[in-house]
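Engineer: Following the hints, put chain B in place on chain A, whose structure we already have.
Here the protein sequences come in this chain order: A and B.
Numbering follows the working numbering, with no gaps: position 180 of the first sequence is 180.
Numbering follows the working numbering, with no gaps: position 291 of the second sequence is 291.
Keep in mind that the hints were calculated from the coordinates and are not lab data.
Every value quoted in this text rests on a predicted model; they were computed, and no experiment measured them.
Every clue listed holds true.
For chains that are exact copies, the list does not tell them apart, and a pair is met inside one copy or across any two.
Computed cross-link-like contacts, DMTMM-like style, restricted to lysine to aspartate or glutamate with a CA-CA straight-line distance of at most 25 Å: (1) LYS70 <-> GLU219; (2) LYS256 <-> ASP208; (3) LYS21 <-> GLU151; (4) LYS70 <-> GLU216; (5) LYS19 <-> GLU151; (6) LYS155 <-> GLU276; (7) LYS155 <-> GLU169; (8) LYS195 <-> GLU56; (9) LYS256 <-> GLU173; (10) LYS256 <-> ASP170; (11) LYS195 <-> GLU205; (12) LYS21 <-> GLU62; (13) LYS256 <-> GLU151; (14) LYS256 <-> GLU205; (15) LYS195 <-> ASP180.
Listed below are the residues making up each chain.
2 protein chains.
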Amino acid sequence: MPQRRRLDRAPALVPETVKIKGPLGIIAGRGSLPCVLAEAASARGLPFHIVGIRGEAEDEIERFPHTWVKWGEVGKTFHTLDQNGCGDIVIIGGVNRPDFSNFRLDTGALKTLPFILSLSKGGDDHILSRVVRFFEQKGYRVHGARDVAPELLAKEGVLGSNTPSAEDEDDIELALRVIDALGRLDVGQAAVVIKGYVIAVEAAEGTDAMLTRCAELRETGRTGRRGRAGVLVKAPKSGQEERVDLPTIGPDTVAKSAAAGLAGIAVAAGGVLIVERDATIAAADREGLFLLGVTLAEHEGA
Amino acid sequence: MPQRRRLDRAPALVPETVKIKGPLGIIAGRGSLPCVLAEAASARGLPFHIVGIRGEAEDEIERFPHTWVKWGEVGKTFHTLDQNGCGDIVIIGGVNRPDFSNFRLDTGALKTLPFILSLSKGGDDHILSRVVRFFEQKGYRVHGARDVAPELLAKEGVLGSNTPSAEDEDDIELALRVIDALGRLDVGQAAVVIKGYVIAVEAAEGTDAMLTRCAELRETGRTGRRGRAGVLVKAPKSGQEERVDLPTIGPDTVAKSAAAGLAGIAVAAGGVLIVERDATIAAADREGLFLLGVTLAEHEGA
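Just chain A, same shape as in the assembly:
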């Protein structure tokens, strides 16, 4: 059943095979993804060095070769990358908007101040595209997490032992339409739909906060209280800078979806990262949720 044709949208999510030669620079923001990626690089024997953004990256990165930089220490970032021979880089994990009260302007930053100031405006994708272009202009090759660790990408089809009902399929379809409509405006990568009713749309708050809200709506009776119903759907925005900001799920996403009473989770196959894949599928099976990789059809015009 995941074979049916989904929304028209770009792009076909097939990872290109990229040959990453040298040591990999991992520029690390929030969350567990930087360490997940570091482990994947370790596993395949790829040398790497993590540049952790202070106040964003988790202390966990200290398990690996790393250097801390502050927001705005652009010169130190380049210096660290160059000293470690990192011509290839991955930028991974969310970052807050630049907070100019907590900003360390080093020599590199002063030279690039117009660029940095430009980061205080616009949607995520707009900003991330600029960051990628900025590093590329300096001669770095910017890769996505999926180039380094394609095994993290969601595969097509039913990923656990539960399958979606016809009603769930309808909810998935509607959620994909919501994500598609908003993605064109550089908003959101996730939505929750229960029985044809769009309960929540993700913007800046992130998926966890959105799911907590859904659980509260259920508690207060704003959505039905009985039985599992509805879906969380995550998919990349149409035209998204996928090297930087692929949507992600993990065991915690399953736990929060279960708490919100949802019947399952659908993600764009090849377009969403699953952190701790086995644990995520096990959690879905344990909670009775389906986990589905759906294929988005290719874009065929506006």
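Structural biologist: Quick look at chain B alone, frame taken from chain A:
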């Protein structure tokens, strides 16, 4: 500056002048709107009777002629309306999805069970349109709040003493595009945009909860912390059943927008109700927020 052309969208929000003859039945859900409407009806000498949905309507309605019904007491609702001569009705204030564990099925309800069960599926507008059609089929004339009290509708232009900046205007434009894109999928009537970044999109949680979330995002540095920036925009969904569910703002909306650090609020002129208009404008002036009624251009095709 509010004169510039906004998004193409339907419909032109010009209230028709409706002659409401008899006593008005006010079917009351959540919030202060039912009482605001009752006061407006009183002020113009229009007799009315409130049918309060138990668990939804505020106790405040007891200040006026009223009858309480439980969710599902369809027969009692008709009986109350008929006994009070209410051929004209207004349905006002949000209601939760029918909760069948807290349901009182009376004789009227049993006859209309398929209709009631149909209310557990679909988006708000989908459901509200069915409710309106249901009452119309029974011979009632269903009006909107704006037919009874057009003075509650937001007017065009700057409503207080503060005016939006060019940057605010851009944020308003983007928020309107978000609401427009989602409205076509029967989602949301509100969004918050700060400097080109869509911070929050309203779905089932309501505007107050969305604004509280924006204040939290500001606290945690996910959005800029300094100075007022950004807008709350509310507008009816494209093609919305406007007789039932017009978006609403009031003094509390202003307080919550101020707490979220926003620069102002824009609403669709003629398409959004302002509860306690004078207090709302005074609150905006006091907090330094602009309050703007924007005109949505007429729809001219897909």
